[in-house]
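Chemist: Listed below, chain by chain, are the residues.
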Amino acid sequence: MPFDRLLNNVQSVINELENMVVESMMEVKEEIIDLNTSQLEVGKLSTGDTIEPEYVFDSYSKLKKSKGSKAPFGVSDLKLEGDFYSGFETSKLSEGLELSSKDSKAPELERKYSKDIYGLTDKNKSEAAEYIKPILINKILNGIIK
Amino acid sequence: MESLNRIEVSDIIDSSVNVELSLLAQHLESIAASLNAISKNVINKVDNGITR
Numbered sequence: 001m002p003f004d005r006l007l008n009n010v011q012s013v014i015n016e017l018e019n020m021v022v023e024s025m026m027e028v029k030e031e032i033i034d035l036n037t038s039q040l041e042v043g044k045l046s047t048g049d050t051i052e053p054e055y056v057f058d059s060y061s062k063l064k065k066s067k068g069s070k071a072p073f074g075v076s077d078l079k080l081e082g083d084f085y086s087g088f089e090t091s092k093l094s095e096g097l098e099l100s101s102k103d104s105k106a107p108e109l110e111r112k113y114s115k116d117i118y119g120l121t122d123k124n125k126s127e128a129a130e131y132i133k134p135i136l137i138n139k140i141l142n143g144i145i146k
Numbered sequence: 001m002e003s004l005n006r007i008e009v010s011d012i013i014d015s016s017v018n019v020e021l022s023l024l025a026q027h028l029e030s031i032a033a034s035l036n037a038i039s040k041n042v043i044n045k046v047d048n049g050i051t052r
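Protein sequence lines, in the order shown, are assigned to chains A and B.
So for the first sequence, the numbering used here puts the first residue at 1; every next one is plus one.
So for the second sequence, the numbering used here puts the first residue at 1; every next one is plus one.
Misleading hints may appear alongside valid ones.
Mimicking SDA-like on lysine to any residue, the simulated pairs with C-alpha atoms at most 25 Å apart in a straight line are [to be verified]:
id, chain 1, residue 1, chain 2, residue 2
1, A, LYS125, B, LEU21
2, A, LYS133, B, ASP11
3, A, LYS125, B, ILE13
Derived contacts from chain A toward chain B, CB cut-off under 7 Å, selection only [stated by the list, open to error]:
id, residue
4, GLN11
5, GLY96
6, LYS112
7, ASP116
8, ALA129
Treat the hints as calculated values from the structure; they're not laboratory data.
Ideal Cβ positions, reconstructed from N, Cα and C, are used throughout, including at glycine.
Could you build all of it, start to finish, from the sequences and the hints given here?
Modeler: Next comes the structure, spelled out in structure tokens:
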């Protein structure tokens, strides 16, 4: 490879780096969605706090537990039929990606439990980064040696 | 302020990646300059040999 081209490729990678990261994120969007819904399953917001408010009736909390809820007793997991979870989607932004659910109950759940039902805890962001890094490294190397 | 419902570029990489790539570019520029100097030197020597 001509030396000038190699140098130009490195400069292009520097200029395109943010976009490469976002593209890499989009390639693992299903894994990112799984991380988000797995937080909700155990009753956690992206802040790491417990989802609030708790259920009003103990009888309902018992019912949820009997149906296998992994969230602590009384804590919502936002899951009954699973439509809210299966409606999860990602939107590509210039600086990253945004999580939301296209389920019809989403606006109501956001009002009740806050928009922090979307997004990842710091621990899960680190896990997402582990999925993203090999893809990103590949993009950087391909960009340099193309 | 960072929105919690987003995963941002800064969550995945820090500025050190950019710094490393910039250093790589600087190294490559320096190597290119050395190669240029070497090739000019070789050309001069060949020219001198021809014209001697």
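Chemist: Work down the list of hints and note, for each, if the structure agrees.
Modeler: Against the structure, the hints come out as follows:
no. : hint                 : result
1   : A:LYS125 <-> B:LEU21 : holds, 24 Å
2   : A:LYS133 <-> B:ASP11 : holds, 12 Å
3   : A:LYS125 <-> B:ILE13 : holds, 11 Å
4   : GLN11                : holds, 6 Å
5   : GLY96                : holds, 4 Å
6   : LYS112               : violated, 15 Å
7   : ASP116               : holds, 5 Å
8   : ALA129               : holds, 5 Å
Of the numbered hints listed earlier, the single one contradicted by the structure is hint 6.
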